[in-house]
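Start from chain B and add chains C and Y according to the hints.
Residue-level listing of the chains:
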Amino acid sequence: MQLDQDQNWEKRMADIETKISSTPLIVEEPGLNTTQPQRKWKTGGIPLAFVLVLGLLGLLAWGLKKAQAGPVDSGLAPDFSLTGFDGRTVTLSELRGQVVIINFWASWCPPCREEAAYLEQTWRKYKDRGVVFIGVDYVDTDKEALAYIQEFDITYINGPDIGTRISQAYNIKGVPETFYVDKKGQLRGVHIGPLKAPELDQKIEELLAEPDPGN
Amino acid sequence: MISEIGLIALSIAFLFSVYGTIGSAYGGLRNRPAWVESSRNASLLVFPLLSLSVLVVVYNLYVLDLSQAYVADVASRAMSTFLRVTALWGGQQGSILFWAWIMSGFVAIVLLRKWERDRELIPYVIAVSMLTTTFFVGVVVFITNPFARLWHVPGAADLTTSVFQPINAMPYIPEDGQGLNPLLRHFGMIGHPPTTYIGFTGFVIPFAFAMAALITGKSQEDEWIRTSRRWTLVAWIFLTIGLILGGRWAYDVLGWGGFWGWDPVENAMFMPWLTGTAFLHSVMMTEKRGMLKRWNMVLIILTYALTVFGTFITRTGVISSVHAFSKSALGPAFFIFIGLTFIGSLSLLFSRWDALKTEHQLESFFSREAAFVLQNMLFLAITFAVFWGTVFPLLSELFTGTKITVGPPYFQKVTGPLFFALVLLMGIAPLFAWRKQAAHSLGRAMLLPLAASLGITAIWGYSHRMHPAPIFGLWLVSFVLLTILTEFWKGVRARMQGRGENLFLALSRLIGRNHRRYGGYVIHLGVVMIALGVIGDAYFKQETQGTLTAGQSLTVAGYSLRFEGLNSYPGTDGREVIEADTTLFQNGQAVRQLKPRRDFFIVQEQPVTVPAVYATAGTDVYILLLGWQDDGRSATFKIYINSLINWVWAGGVIMMLGTLVAAWPPRDGQKETTYQLRPQVFGPQPSTGD
Amino acid sequence: MKRKLLFILAFVLAASLLTVMIVNAQDGQPRIPTDDEVNAVAKKLYCPVCPNTPLDVCETQACKDWRAQIRDQLAAGWSEQQILDYFVQQYGERVLGEPQRSGFTSMVWVLPLIAVLSGIVIVWQVLRSWRLKRAEQVSSEISTPNSSDRISKELQALVEKELQKFD
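Chains as they are written, first to last, in this note's numbering: chain B, 1 to 215; chain C, 216 to 905; chain Y, 906 to 1072.
Simulated from the structure, these hints should not be mistaken for laboratory data. Treat the numbers as computed from the prediction; the structure is a model and nothing was measured. Please note that a few of the clues may not be correct.
[As the list claims (entries may be wrong)] Calculated pairs, DSS-like style, for lysine-lysine (alpha carbon to alpha carbon, straight line, at most 27 Å):
| no. | chain 1 | residue 1 | chain 2 | residue 2 |
| --- | --- | --- | --- | --- |
| 1 | Y | K1038 | C | K651 |
| 2 | Y | K969 | C | K756 |
| 3 | Y | K949 | B | K173 |
| 4 | Y | K1038 | C | K503 |
| 5 | Y | K1066 | B | K11 |
| 6 | Y | K948 | C | K756 |
| 7 | C | K628 | Y | K949 |
| 8 | Y | K949 | C | K756 |
| 9 | B | K143 | Y | K969 |
| 10 | C | K618 | B | K65 |
| 11 | C | K618 | B | K143 |
| 12 | Y | K948 | C | K618 |
| 13 | Y | K1038 | C | K433 |
| 14 | B | K143 | B | K173 |
| 15 | B | K196 | B | K125 |
| 16 | Y | K948 | C | K628 |
| 17 | Y | K969 | B | K173 |
[What the hints assert, rightly or not] Which residues of chain B face chain C? A partial, calculated answer using Cβ under 8 Å:
| no. | residue |
| --- | --- |
| 18 | I46 |
| 19 | A49 |
| 20 | V53 |
| 21 | L57 |
| 22 | L59 |
| 23 | L60 |
| 24 | A61 |
| 25 | W62 |
| 26 | G63 |
| 27 | L64 |
| 28 | Q68 |
[Said to hold, decoys possible] Derived coverage of chain C by chain Y (criterion: at least 3 residues anywhere in the stretch with Cβ under 8 Å from a Cβ of chain Y; other residues may be distant):
| no. | stretch |
| --- | --- |
| 29 | 525-537 |
| 30 | 755-765 |
For every residue, glycine included, the Cβ atom is placed at its ideal position computed from N, Cα and C.
Chain B with its partners taken away, still in its complex shape (with noise of 0.2 Å):
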């Protein structure tokens, strides 16, 4: 009995294996795919991180090299218009032909005082030799600037800096700061910091030597 019992048992067994083995064990979970939106994303992922740490770099290289570079003293000088305190407006690039000092200045800087009866007095003497002085307030109140012009008897024109664009033009990094501009529009140097004779006079007299542009 006890081996009938024992050998049926194990047929019983043979028997719920081989169900088990033919019967679906889980159910069968919809297929989750998860290793396919992360290759996705890696692909697509590293090239950008590079393209976007690359953009800084070069923002941050653009960015170093702005903030160390002086101002602008080589090269065609930046063109503009400019419309005087008095009303007259002048256009650099009209000025073809004649010496151009272009001084920027501020009623609130102190050296600018310092050179701004030298600046007269040189406008004065060369004005009648074909020099031409334009005077470009920076960021300036329209009383203190007229204040200024009326206190050192200024007769060159003299407008305010609309927006700050010829400053940027000239990338000035402070004032006062004087450009040369010789007679075929090319810039011939800078001058930062406040003029003192016989500066200016000599470099007039050198950029007023040089020929005459041909039309």
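Below, chains C and Y alone, put in the same frame as chain B:
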């Protein structure tokens, strides 16, 4: 003579740094322990050598050796000894030397302590950290040398600064030094650079470990995470202190009644703090549940990259800021350094990306894990907003040619709501359990604080009708404060009832048994206090300005300031002081005699406005003397009523205390376990990459 | 006669006083703007020269001149917006503390918003994928009795049937 010693020590330190970098990298790659050993020794020696250099500079400042260009730049006869000595970090050259010195110190600590435990990682830890040290020491040696002297070269208009004598030049020794910028002569500014530098440089070590883990492929193991966490905590607390000292300095000295201006240099310090805080939290997830290993790597790299970025924009003036260091040839060198750092770490990270994969399992969205992930996202969002606002002016100028200013209104509007969400999460998340939080138990835990805070806010809001935004802020502060206190109370009460301990014993034992958790709660408490101060600064500030003759008063918000008269006298440190006698009245009662003044530093030709402050727990009455008539008959004053400002400083102190508690080493017998909850991994184990 | 003159004089005086008061009341703005009024406008502007310094706290001569200009403009009856526009026109966009919401500058506002939104989406996706992975792991267990609810109904029925045979 002495300076020569300093210069020689500096130069040898540079050579040793170079050797340490190359030798350890070679030794690691070619598996040559002898090279690693000797590189380690060389790297260890850098610290004592730099210490010698630092001592020499300090000595030069102490004796006011004016033949040294650096001394002539930052010191002057009128400065006290203390100020002269701390001017070590007052100028560019000294501060970079100081930075390099601290960094070499940290490397020395790691090499002495970790030598035996992390054998495989050490070669690359040395290589990466010494590469950074080499850079900074190199900058000191070749670009901004504190041992340079002043020379007069015939024909040149200005003096030349150089270590070695130019041809035909004569040494120039000035009569007196320039002296430290008067604005910097304040305890906050004395303490701010050292703490900030310790904070910044502290992140090099976890970064080096992370890089080493990536290089060796051992990034699955926990050792680098555990080391990183401790170092990050130290770096983080110093960065926190540095931020608060900087804010305090701005408040006391700059005279605009505020402490944070969202200036690019300030943001540069704030961003690594944000990602560092995110890291401190996400590493908890790794320790408890083994999750977020890859993300931790990203955070550490990001934090270090931001510190490097921060120091770059501070010292090179790429983005215009009021914190101007003098510009020099530093720019290109720093640029190469950050370029290498960014690209190098990014490449390394991506090359090992797959190996960093870990199995993540989340049982419920309603769990502490989910809260941590959300918190990290918020921190990163804030960091991005701050970063974007900081670099945008540069971007705008590049693409449109117009310069713009991205000022506080932008930062406040964009980060304000995000900070609100973050602080709210800070209050709620500790109530969440790991794995799965049952909604009803969360509701129970939140009920009392929520009800009480709503009640308080309603009462307060009713009695002070105003703009809704600060009411939300005040609700947030009271709610989070109550949730934190409730957490303490629950623990204390359990001990009192269960073990019969009295209140104080229960509290101290409670904290003692679980430093990190309750230390963390104390830090959160500090954050809530700072939040209160920030809300006061943003919404409840009042001000007025006016010109008064003697006997006249200026009134604002219940306070009245009466001008009595002007005095003038010579002060310490080479300054002329003009001081106003005033009496402050509150609701008709005289409360204080205050003397706002303006100091004029003769040598530097620089004025400094020193406010007079009447400080109480709730408010600072902050008075500035703006101007006066020369005959002393009338003066112009500005009064700021800074509500709740002192909660910012108090909160900072609490944060420091909390960090001390959290960082306190566990008592003997208490094992510091890495996993307190084992992650249930059923399937095949994740393979460690190689 | 004198009394009449006195009355007329008093009347004229009173009338002119009244007129002045009425005129003043109609003015809407005091003759000289207070410092606070100037500062309220200056607060919204930044010093065109010094970096990142608000105009109401800047102590340089230039800033003093600009605040004086604001005072004059307020006294002349300009509105705050007119003064701000004037400053932008004269000195460039950098005098505004808050970037404008138009043109290229709008990007400064837009991108953080996109970042936060994408952040929320990413968090959602990440958490969801972790949650699904957990479900996947749980379902791949075969031996523990806890996962009985995952065993197929067929097998369950089979086991039940076999167990019944043993009763």
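Quiz prompt | chain Y covers the stretch 755-765 of chain C, three or more CB atoms within 8 Å, holds or violated | solution = holds (count 5)
Quiz item: Does the CB of B:Q68 sit less than 8 Å away from some CB of chain C?
Solution: B:Q68 check passes; min Cβ-Cβ to chain C is 6 Å, inside 8 Å.
Self-check item: Hint consistency between Y:K1038 and C:K651 [alpha-carbon to alpha-carbon, up to 27 Å]
Solution: Holds, because 16 Å separates the two Cα atoms, which is no more than 27 Å.
Self-check item: Status of the hint placing B:I46 at chain C (closest C-beta pair under 8 Å)
Solution: With a minimum Cβ separation of about 5 Å from chain C (threshold 8 Å), the hint on B:I46 holds.
Quiz item: Going straight from one Cα to the other, do C:K628 and Y:K949 come out at no more than 27 Å?
Solution: Judged against 27 Å, a Cα distance of about 15 Å means the pair holds.
Practice problem: Return the status of the interface hint for B:A61: holds when the least beta-carbon distance to chain C is below 8 Å, violated otherwise. | Solution: Hint on B:A61: holds, closest Cβ of chain C at ~6 Å, below 8 Å.
Quiz prompt | chain C contact restraint on B:A49 - CB to CB distance below 8 Å | solution = Holds - the Cβ of B:A49 comes within 8 Å of chain C, reaching about 6 Å at its closest.
Quiz item: Would the hint on B:V53 stand, with a C-beta cut-off of 8 Å toward chain C?
Solution: Holds. Min distance 5 Å.
Quiz item: C:K618 and B:K143: Cα distance at most 27 Å?
Solution: holds (25 Å)
Quiz prompt | 27 Å limit on alpha-carbon distance, applied to hinted pair B:K143 and Y:K969 | solution = At roughly 13 Å apart (the allowed maximum being 27 Å), Y:K969 and B:K143 satisfy the hint.
Quiz item: Is it true that the CA of B:K143 sits at most 27 Å from the CA of B:K173?
Solution: holds (24 Å)
Quiz item: Going straight from one Cα to the other, do Y:K948 and C:K628 come out at no more than 27 Å?
Solution: holds (16 Å)
Taken one by one, the earlier hints all hold for this structure without exception.
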